[in-house]
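**Q** In this text, residue positions in the sequence shown follow the UniProt record's numbering: the first is 1, and each later residue adds one.
Quick caveat, the hints were computed from the structure, so don't treat them as lab data. Where hints are given, some of them may not hold.
[What the hints assert, rightly or not] Pairwise CB distance ranges (calculated):
id, residue 1, residue 2, range
1, 245, 89, 48 to 56 Å
2, 265, 103, 30 to 38 Å
3, 188, 227, 35 to 43 Å
4, 173, 261, 55 to 63 Å
5, 37, 172, 46 to 54 Å
Here the structure is a predicted model, which means the values were calculated and not measured. All C-beta atoms, glycine included, are put in the ideal place defined by N, C-alpha and C.
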Amino acid sequence: MEVAAERISTQNERTQKMNTQGSKGDLIQKFFRVFIPNFTEDDMNLPFVSDKILGTPLPRKVTVKSVSSGNIWRMEMTTNGESDTVFLRDGWKKIVKDENLTEPTFLVFEFDDSCVFHFCVYEHDSMCKRIRSLMGKQVIEVESDEENEEEDDDDVIVEDEVSTDSHKFDEYLDNKLNPSFPVDMTQKRTCIPAVLINDYNLTFPNLVIVRDKIGKLKRRISIWKNGSVCLNGIDSITRRNHVKRGDKMLFELKTVDGYHGLVREIKVHIIKC
């Protein structure tokens, strides 16, 4: 057993890597890591991540997201001064605990210039990708500038409808193939239309990036008892974009490259009257 584990560990250090092009032409690095109980150390070695990411200094903190569970971590990146090897501090320690890894397991990672690592877990026995349910999501050690908002059972949820003439907004989208919908700006939160979720098989992390012309924010996704999937913090977006009566706001949902259906970003388009 010890010899076999050592052999797998050696193969793990020679992690396979593949570069692909993302939807915007950016370089996406794909690689896998192998977890071996009682042999894998707490820190996770990232052999194909250099101390500079696409010419910029290595960030102190990065976001790590599990496609399999929806868990999200904020992890510290460190380097070994002698070998310039990059590590996620306590990366294995956190992932093993929260992903409930008890057997030798493959984790397949994607990494691009957004400083976000996405990974999925492949089960030991079947080598099938572990898939989560829409309700099974947890946020772990995530920093956010989101406004504090609590769900109120007395709140009335008004789901945004997908207008029959929504195609007239196609010219404002980054990609006309992305799911999109107009937003009711009178609400402090907006619900993702169920028809879009079903048609595109969409799933959401607890926190999603919302990007407008000013920059990006992190906003919380909540799932209500009736199954509605809602995005909180809409009023702050309208305020910072100086949205006035008669203006229109359009949400464009962008999914993770390689993992169709998992929403990684919501692009905000403001259409002035």
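**Q** Each hint: holds or not?
**A** Hint by hint, here is what the structure shows:
| no. | hint | in the structure |
| --- | --- | --- |
| 1 | 245 / 89: 48 to 56 Å | holds, 49 Å |
| 2 | 265 / 103: 30 to 38 Å | holds, 34 Å |
| 3 | 188 / 227: 35 to 43 Å | violated, 20 Å |
| 4 | 173 / 261: 55 to 63 Å | violated, 18 Å |
| 5 | 37 / 172: 46 to 54 Å | holds, 51 Å |
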